[in-house]
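Protein sequence lines correspond, in order, to chains F and V.
Taking the numbering used here, the leading residue of the first sequence gets 275, the next gets one more, and so forth.
Taking the numbering used here, the leading residue of the second sequence gets 61, the next gets one more, and so forth.
Just so you know, these hints were derived from the structure itself, not from any lab.
These numbers were taken from a predicted model, which means no experiment stands behind them.
Beta carbons: idealized from backbone N, C-alpha and C, even for Gly.
Take the hints with a grain of salt, since some may be wrong.
Stretch-level coverage of chain F by chain V, calculated; a stretch enters the list once three of its residues show a Cβ under 8 Å from a Cβ in chain V [as the list claims (entries may be wrong)]: (1) 309-323; (2) 369-377; (3) 424-436; (4) 441-448; (5) 469-476.
Under the rule of at most 20 Å between Cα atoms (straight-line distance), these lysine to aspartate or glutamate pairs were calculated in the EDC-like manner [said to hold, decoys possible]: (6) F:Lys442 <-> V:Asp242; (7) V:Lys544 <-> V:Asp460; (8) V:Lys390 <-> F:Asp418; (9) V:Lys331 <-> F:Glu346; (10) V:Lys331 <-> V:Asp242.
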Amino acid sequence: MGFLISMTIKNVSGAQDPYYRTFQYLFDLQLWISIFLLVALLITSFYLMIKYRASNTESKHVKNKFHSSNLEILWTVLATILALWLFFLTIGPVTTFAKANNKHADVIVKVRGYQFYWNITVGDQPWVTGVNFTTGAYNKIVFDHTKTYLLEITADVAGVIHSFYVPKLGFKADAVPGHTNYVYLSNLVPGVYDVTCAEFCGAGHYNMPARITVI
Amino acid sequence: MATLKRPSYWFMDYRKLFGTIDHKQIGMLYMVFAAVNLTVAGYYALLIRTELFNVGLDGFISPANYGSIFTMHGTAMIFLVIMPMGAGFGNYLIPLMIGAKDLYWPRWNNIAFWMLIPGASFVWMSEAPIGWTAYPPLSTTVDSTNLWIIGLIIVGTSSIIGAINFFLTIFNLRKPGLGMMDLDLFSWAILFTSFIQLFATPIITTALVMLLFERIAGAPFFTITYGSSSLLWQHIFWSYSHPAVYIMILPAMGIISVIIGRFSQNHIFGKSSMIYSMGAITLLGFMVWGHHNFTASPNAVPNWFFTFTTFLIAIPSGIKTFNWILTMYKGSIHFEPPLLFALSFILGFILGGFSGVIINTIPLDYYFHDTYFVVGHFHFIIIGGGLSAIIGGIYFIFPDATGRMYNKKAAYVHWAIWTVAFIVTFGGMNVLGYLNQPRRYVDYSVLSNYAELEFWHRVTTIGAYLQALAFLIGFSNLFYSAIKGPKVGDKPYSIENPQFWPLETKEESSQ
Ligand SMILES: [Cu+2]
Ligand SMILES: [Cu+2]
């Protein structure tokens with residue numbers, strides 16, 4: 275029980291961190307729970323399969339009425355606790371993510387998806403596309419790690435849905451025509467971050483990259 | 061009639077073929093229909109995997125055609141393979157399970173099957189590059205989507221007719237004395253499946269008609285310039301398409317419940333909790349659709365609601381898994397091919413279940429949504445789980461359907477290759493998702509980690525080809541054995557009741 279509580283507190287206090295840290299923490303946790311349960315189920319199954327294989331049982335035609343309500347209640351309760359706990363862990367991060375546009379940010383970043391490129395403007399800078407079409411090189415989209423950013427993500431009103439996906443910052447947000455999604459970024463770690471489109475938008479869907487450099 | 065020389069197989073006579081009202085024959089027609097579509101849709105999957113084997117556009121598939129290919133693969137696997145397979149098993153088995161002579165409406169049954177042919181033809185001919193989810197505004201602008209919509213409306217209507225038929229049959233034609241709680245788990249599974257088909261399919265039909273009206277008459281249901289939102293489609297679509305997942309998986313659960321009980325020579329552990337779990341899955345299945353839209357509009361309150369209901373579904377799913385495993389306790393386990401495929405179902409269901417819990421955790425969904433992780437997740441459930449159960453079921457009823465026995469050694473080889481292959485393929489997809497490979501990419505050279513992606517794409521492609529090999533072995537075994545296999549009596553397996561249906565029911569229905 276103490277383990278559960280400490281895990282929960284750690285997560286809530288870490289809610290101000292970049293989303294990727296929340297992602298890594300929750301993913302590792304669930305991966306280990308999954309591996310533990312998988313091994314337990316496999317061991318149980320193989321034990322039963324070997325112990326009760328037909329060549330090892332006296333009667334070939336048993337009709338066993340074995341039943342245990344206690345066992346059923348036990349695992350129903352355990353499964354319910356696990357499910358509720360996993361739900362509880364998501365409350366903090368979900369609230370933080372959803373409240374993005376209530377926060378004050380140093381710089382507003384406007385992101386707009388087109389078929390098949392991104393138009394991005396950071397603060398007062400003019401629009402840049404993710405890729406320079408004549409040279410094929412990535413246009414510089416530079417974020418300062420000491421500042422906070424509010425991303426306003428939408429798509430060409432006459433166009434289709436895209437999704438602005440920055441995996442190593444731990445988020446994606448759909449770029450929907452006529453609808454704006456907000457993402458608040460703080461405590462950025464310097465580095466180069468891939469941006470791709472994650473919602474199928476037509477033949478060029480695979481080819482709308484951009485790169486964010488955090489300095 | 062006696063003077064007419066009859067062909068040796070009933071389906072060689074076109075009047076019998078198109079006019080049959082026999083539930084077993086219609087059941088087999090459904091399965092053959094699904095197998096043909098599986099062959100084509102599987103071939104499309106191999107095209108996709110071949111293109112992705114090497115990084116870069118190698119000209120094997122153009123970006124424009126790639127959209128058509130994965131859309132047809134997805135649409136066909138869902139609506140023309142897995143769902144008709146469930147209907148096929150229901151047709152073949154339900155009357156035998158409940159001691160009825162046939163379904164309640166034999167002629168409607170015939171019509172429901174033959175409606176699939178024009179429906180499927182329209183879907184295949186459309187080749188619409190919109191994704192099986194058909195999100196507007198993309199699906200309102202792409203050519204040939206009309207044909208896809210009309211095809212799916214026909215297929216959906218067929219599915220509603222089938223559902224009503226199963227309802228009427230199970231409620232009205234049970235043999236005297238067979239109460240609802242005495243029903244086996246397969247009949248319960250088909251009953252719940254029919255419930256979902258009956259109440260969810262009208263939703264997708266409505267959505268498809270709205271989309272069609274927008275396309276051909278300019279009705280502004282999903283167009284932003286008229287003040288409506290394309291997000292409306294996502295909600296209507298998924299409020300059908302999540303329940304539809306259970307249309308695909310519940311019959312498979314019913315099949316393996318019977319198989320595991322039979323080949324363990326045991327009663328299913330916790331039968332009533334199995335029924336309640338299926339009921340809970342059916343009802344909760346209607347309340348979780350928003351987990352497909354966490355990134356579309358990340359508002360906290362709806363996201364909490366949908367992630368909560370989805371976590372709840374993990375509970376009955378877990379209970380069912382424990383019950384299946386515990387059914388082997390104190391049994392006498394006969395490792396015949398049907399049981400091995402049923403055990404593979406459990407493995408696929410567990411692996412897909414864990415990744416399902418992971419992507420339902422919203423901060424993880426912000427990372428994994430629309431990546432290969434999701435693709436790996438549902439393929440583990442529907443193919444590693446669902447299709448394994450269907451193959452096991454086909455091996456189980458094959459001796460009864462054809463009067464002949466298949467080659468068991470080849471069936472073991474089929475099972476071994478198949479199980480390894482699906483773990484490699486879909487496990488590889490999960491890794492690709494973790495390495496942030498988005499879905500529906502014809503090429504991944506724009507991602508800076510393309511080198512490691514290429515390695516895992518190759519693993520996945522090899523797995524897919526192994527699946528094709530397993531499928532080839534199984535298919536040729538069954539095809540050859542149906543014509544030339546050794547004749548088999550009532551005892552194809554060494555177990556006490558070597559048929560899918562209960563002993564008592566069969567005696568009564570064969571009188
Ligand atoms: Cu895009
Ligand atoms: Cu769903």
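Hints, one by one, checked against the model:
1. 309-323: holds (count 7)
2. 369-377: Check passed, 4 qualifying residues.
3. 424-436: holds (count 5)
4. 441-448: With 7 residues in contact (Cβ-Cβ under 8 Å with chain V), the coverage given for the stretch 441-448 of chain F holds.
5. 469-476: Holds: 7 residues of the stretch 469-476 of chain F have a Cβ under 8 Å from chain V.
6. F:Lys442 <-> V:Asp242: violated, 54 Å
7. V:Lys544 <-> V:Asp460: Holds: V:Lys544 and V:Asp460 sit about 15 Å apart, inside 20 Å.
8. V:Lys390 <-> F:Asp418: violated, 65 Å
9. V:Lys331 <-> F:Glu346: holds, 11 Å
10. V:Lys331 <-> V:Asp242: holds, 10 Å
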